[in-house]
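Chain by chain, the residues:
Protein chains: 2
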Amino acid sequence: MADNHDQMTERTDRAEEEDYSLDPRLVEQVLSAVEAGDAAAIDAAMAPLHAADIADILEQIGSGERARFLSLWSRGIDGEILSELDESIREEVIEALPHEVLTEAVRELDSDDVVDIIEDLEEPHKELILGALDDSDRAAVTQSLTYPEDSAGRLMQREVVTAPADWTVGQAIDFLRDGAELPDQFYHVILIDPRHHPVGYVTLGKILSSKRDVALQAITEDSFRTISVLEEEGDVAYAFNQYHLISAPVVDADDRLVGVITIDDAMAVLDEEHEEDVLRLAGVGGESSISDGVMETCRQRTPWLFVNLLTAIMASSVISLFSSSIEAIVALATLMPIVASQGGNAATQTLAVAVRGLATKDLTPSNAMRIIWREIQVGGLNGVIFAIIMGLTAYFWFGSPLLALVMGASMIINLIAAALGGILIPLAIEKMGFDPALASGAFVTTVTDVVGFFSFLGLATLILIGH
Amino acid sequence: MADNHDQMTERTDRAEEEDYSLDPRLVEQVLSAVEAGDAAAIDAAMAPLHAADIADILEQIGSGERARFLSLWSRGIDGEILSELDESIREEVIEALPHEVLTEAVRELDSDDVVDIIEDLEEPHKELILGALDDSDRAAVTQSLTYPEDSAGRLMQREVVTAPADWTVGQAIDFLRDGAELPDQFYHVILIDPRHHPVGYVTLGKILSSKRDVALQAITEDSFRTISVLEEEGDVAYAFNQYHLISAPVVDADDRLVGVITIDDAMAVLDEEHEEDVLRLAGVGGESSISDGVMETCRQRTPWLFVNLLTAIMASSVISLFSSSIEAIVALATLMPIVASQGGNAATQTLAVAVRGLATKDLTPSNAMRIIWREIQVGGLNGVIFAIIMGLTAYFWFGSPLLALVMGASMIINLIAAALGGILIPLAIEKMGFDPALASGAFVTTVTDVVGFFSFLGLATLILIGH
Chain E
1 MADNHDQMTE RTDRAEEEDY SLDPRLVEQV LSAVEAGDAA AIDAAMAPLH AADIADILEQ
61 IGSGERARFL SLWSRGIDGE ILSELDESIR EEVIEALPHE VLTEAVRELD SDDVVDIIED
121 LEEPHKELIL GALDDSDRAA VTQSLTYPED SAGRLMQREV VTAPADWTVG QAIDFLRDGA
181 ELPDQFYHVI LIDPRHHPVG YVTLGKILSS KRDVALQAIT EDSFRTISVL EEEGDVAYAF
241 NQYHLISAPV VDADDRLVGV ITIDDAMAVL DEEHEEDVLR LAGVGGESSI SDGVMETCRQ
301 RTPWLFVNLL TAIMASSVIS LFSSSIEAIV ALATLMPIVA SQGGNAATQT LAVAVRGLAT
361 KDLTPSNAMR IIWREIQVGG LNGVIFAIIM GLTAYFWFGS PLLALVMGAS MIINLIAAAL
421 GGILIPLAIE KMGFDPALAS GAFVTTVTDV VGFFSFLGLA TLILIGH
Chain Z
1001 MADNHDQMTE RTDRAEEEDY SLDPRLVEQV LSAVEAGDAA AIDAAMAPLH AADIADILEQ
1061 IGSGERARFL SLWSRGIDGE ILSELDESIR EEVIEALPHE VLTEAVRELD SDDVVDIIED
1121 LEEPHKELIL GALDDSDRAA VTQSLTYPED SAGRLMQREV VTAPADWTVG QAIDFLRDGA
1181 ELPDQFYHVI LIDPRHHPVG YVTLGKILSS KRDVALQAIT EDSFRTISVL EEEGDVAYAF
1241 NQYHLISAPV VDADDRLVGV ITIDDAMAVL DEEHEEDVLR LAGVGGESSI SDGVMETCRQ
1301 RTPWLFVNLL TAIMASSVIS LFSSSIEAIV ALATLMPIVA SQGGNAATQT LAVAVRGLAT
1361 KDLTPSNAMR IIWREIQVGG LNGVIFAIIM GLTAYFWFGS PLLALVMGAS MIINLIAAAL
1421 GGILIPLAIE KMGFDPALAS GAFVTTVTDV VGFFSFLGLA TLILIGH
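As they're listed, the protein sequences go chains E and Z. Reminder that position 69 of the first sequence reads as 69 in our numbering, one-by-one numbering, no gaps. Take the position in the second sequence, starting the count at 1, then add 1000; the result is the number in our numbering.
The reader is advised that the hints may include incorrect statements.
Across the chosen pairs, the derived CB separations fall in these ranges [as the list claims (entries may be wrong)]:
1. Z/1217 / E/174: 21 to 29 Å
2. Z/1149 / E/272: 22 to 30 Å
3. E/171 / Z/1213: 46 to 54 Å
4. E/253 / Z/1064: 20 to 28 Å
5. E/174 / Z/1064: 36 to 44 Å
6. Z/1049 / E/48: 12 to 20 Å
7. E/107 / Z/1095: 53 to 61 Å
8. Z/1183 / E/211: 31 to 39 Å
9. E/23 / Z/1433: 14 to 22 Å
10. Z/1063 / E/196: 45 to 53 Å
11. Z/1036 / E/174: 26 to 34 Å
12. Z/1107 / E/272: 37 to 45 Å
13. Z/1032 / E/230: 30 to 38 Å
Example chain Z residues on the side facing chain E (calculated, C-beta under 7 Å, incomplete) [stated by the list, open to error]:
14. 1308
15. 1362
16. 1381
17. 1432
Distance condition first, Cα-Cα at most 30 Å in a straight line; then the derived DSBU-like pairs of lysine-lysine [what the hints assert, rightly or not]:
18. E/211 / Z/1361
19. E/126 / E/211
20. E/361 / Z/1361
The set of hints was computed from the structure by calculation and includes no laboratory data. Where is the CB? At the ideal position from N, CA and C, for every residue including glycine.
Put together the whole structure using the sequences plus the hints.
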């Protein structure tokens, strides 16, 4: 126990110092072992690590180093490490594994983890892994793959612990004690009726703390809800977070129990969905990973830059309408980007709040009108504030009260346009059934660039040149 | 059971149709009941709802409607609804509750939920709630409040289930069966040594499925890790997600067990941290909520727009250095925003990947150099691609090969600058100990605006005007 305690202290210290990030010295150590071809040293370095941390190391090192690492240590790769690996390098790792290592690795996994690995693989690797499974597991995995991608059916594990709804605590305990094949982790016993419909669940804590003759039906949880096998995994994650679920039974179209989803899988989905949101809002394909190479990275980003180029050219063609005004008053060229930039930033603020509100289902048809109205007021108020600040700045910079007036007026117009664009565009994209995080950014800044340039240069032409 | 089954079907249907978002018709119905002053109708509408959904309704309706709702239905508000409420309206709701309703509401909560409610309240309300608790709960809450905000100590619940490390399964079962005061939800029995140090834990599933004479020590989980009471809650959430923890013991500086954190709380933290990331990246204070009013919204956003204004003025002053060039060739005014805009977008892409990589601890000192190098290559490659596209566009638009050359060269320069700014600025902000999502955006687009305008106008002046 003394040992145990020391280990624990060390862990705690490590956690406080390093916040769970990989120790760069450890990575160094692994890299020199790889360099030296010293498999024993790699073994020693990997031994105390969690599979998730080993997967992180594989992701952090370069692809050349990874290949050498795998040639030295392929026998260390197990199923858990495979499931922790980022998709972007999983294929590469699988290719490097001897056949019997791969076979053993996938055999030790639950069906949901095998599905998670297999769904992103190319055909030959898919076959390889399916072939490695025993018949019943292969059937389970193949069945899961018939459900749509990103559905509850792909996320669930098929190993469930059930009891007839009319059992008592004692019967449940005896059944569990005889314990045929229980899953590694389970938190509830699901009660089913004779038609295999789940009708409630009981926590293991309640079973343990109740008398043997208590009916299971009497101690079911209020929080019970079932999840349809076709439900989007993002909605599943939302339900877990909203209703504080720990596990939830999954049912087919006939309401029959087909599996169970546990909160750790829901949490992983929540994290992935968030990743997608952040990256999509910034115009990056949602699948980006830190271990992607240059070409893969360009493939994710260049198309969006191309879309941006088109919108930027559109905004520039607005400027070119007014070239004679700019020729007459060159100060216009200096000031016009300020109007566009303030609009772009204000719109991005509104957009982020709207996209997040849609993701958390806080922005709904019930309050959309009120939020739109709030955004217009905020836009107007900020418009007035920055109209005054920039009007005065323009006046002292260029000494023209009329130019200051034009600046102020176009600032108000553009910040109200920014508010409208920032909220209406994501609402419209959502209404059309697309992810509002996707493409909103490009559309919204097009609005603020075009309105910014047009209002500023147009007013200047009317008021300053027209005079 | 038939009833149960029908209810379930209905639930499933609702989930498929509506993805758990609040039914606007339900909100309508509540609003007309409020309008009509019909407390019974509100009761009927609320009865089937989960506390989280009731809280959502309170957040979705306007503040005037909320006040009337509360005057009609304050007795329906319980502890669970209070904990689900967004901070932005919690104070308002607490103020509207009769004293005995508030007392009863907070008494039924676990200590961690009371801490979560109380920590954001103003002093008088804090006192009010502390006063409502019985002595032992008050002591527990007061103790938790001594831990830093956003620490594991605030997040944990103090109700833990422990057993001496030398017990057998049978002893643990008897202890649980006698069941003094067990928490509502628990998933592990934590083994402690005589000095109250946690040395392992056992899942309830293992206890249920093992023979009575098996030692608890023999069936502990490999995943066991403790969390320091001072640890940042964001790091706690990371550890749960990384290591698939369901619950984890919390220890003080002497490694003594002081509480336990469960995954549902960790998941809620993960979600909040996401919210902060998205909003901060977009230049909104991380605390924004859909129920904030106009003034509160301005308070969160206007300061960032002011920072943006300063950086925009800085970029404009670069333009004003070259006003004589623009006067000579007005096409420069038309084309310059395109260079700046492409740079800003490319930088935002890199920034989002970097900020996300830092948040998930995938971007570390071990791979930072490789990622910086990747970004430079991606920037250079995109620079060449868009230099060609925009060079040709500029040539056909304005018919000047030299202008096309200037356009292309400045595009390459600015996209490389964007890559450098997008990765180095968040790394630097993180290194200084701040949240890289905060302020990165403003700094990064300043770089691309200034470099974009300077390189384009400077090269144009050298090559086109200098000629």
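Status of the hints after comparison with the structure:
Distance hint for residue 1217 of chain Z and residue 174 of chain E: a CB-CB separation of about 25 Å, consistent with the stated range 21 to 29 Å. For residue 1149 of chain Z paired with residue 272 of chain E, a C-beta distance near 28 Å keeps the hint of 22 to 30 Å intact. The hinted window of 46 to 54 Å between residue 171 of chain E and residue 1213 of chain Z is violated, with their beta carbons roughly 22 Å apart. For the pair residue 253 of chain E and residue 1064 of chain Z, the supplied restraint of 20 to 28 Å is violated, since their beta-carbon distance comes to about 44 Å.
A hinted range of 36 to 44 Å for the beta carbons of residue 174 of chain E and residue 1064 of chain Z is inconsistent with their spacing of about 59 Å. Between residue 1049 of chain Z and residue 48 of chain E the Cβ separation comes to about 48 Å, which falls outside the hinted range of 12 to 20 Å. Range check, residue 107 of chain E to residue 1095 of chain Z: about 60 Å between beta-carbon atoms, so the 53 to 61 Å window is met. Distance hint check for residue 1183 of chain Z and residue 211 of chain E: the Cβ-Cβ separation is about 19 Å, which falls outside the suggested range of 31 to 39 Å.
A hinted range of 14 to 22 Å for the beta carbons of residue 23 of chain E and residue 1433 of chain Z is consistent with their spacing of about 19 Å. Distance hint for residue 1063 of chain Z and residue 196 of chain E: a CB-CB separation of about 48 Å, consistent with the stated range 45 to 53 Å. In this structure the hint that residue 1036 of chain Z and residue 174 of chain E lie 26 to 34 Å apart at CB is violated, the actual value being about 56 Å. Remark: the range hint 37 to 45 Å for residue 1107 of chain Z to residue 272 of chain E is upheld by a beta-carbon distance near 39 Å.
Against the hinted window of 30 to 38 Å, the Cβ-Cβ separation of residue 1032 of chain Z and residue 230 of chain E comes to about 34 Å, which satisfies the hint. Look at residue 1308 of chain Z: its Cβ gets to within about 4 Å of chain E, closer than 7 Å, so that hint holds up. Checking residue 1362 of chain Z against chain E: minimum C-beta separation of about 4 Å stays under 7 Å; hint holds. With its C-beta approaching chain E no nearer than about 6 Å, residue 1381 of chain Z sits inside the 7 Å limit, and its interface hint holds.
The beta carbon of residue 1432 of chain Z comes no nearer than 16 Å to any beta carbon in chain E, farther than 7 Å, and the hint placing it at the interface is violated. With a CA separation close to 47 Å, the supplied pair residue 211 of chain E and residue 1361 of chain Z exceeds the 30 Å bound. For the given pair, residue 126 of chain E sits about 49 Å from residue 211 of chain E by alpha-carbon distance, which is inconsistent with the 30 Å threshold. A hinted pair counts as satisfied when its Cα atoms are at most 30 Å apart, and residue 361 of chain E with residue 1361 of chain Z qualifies at roughly 28 Å.
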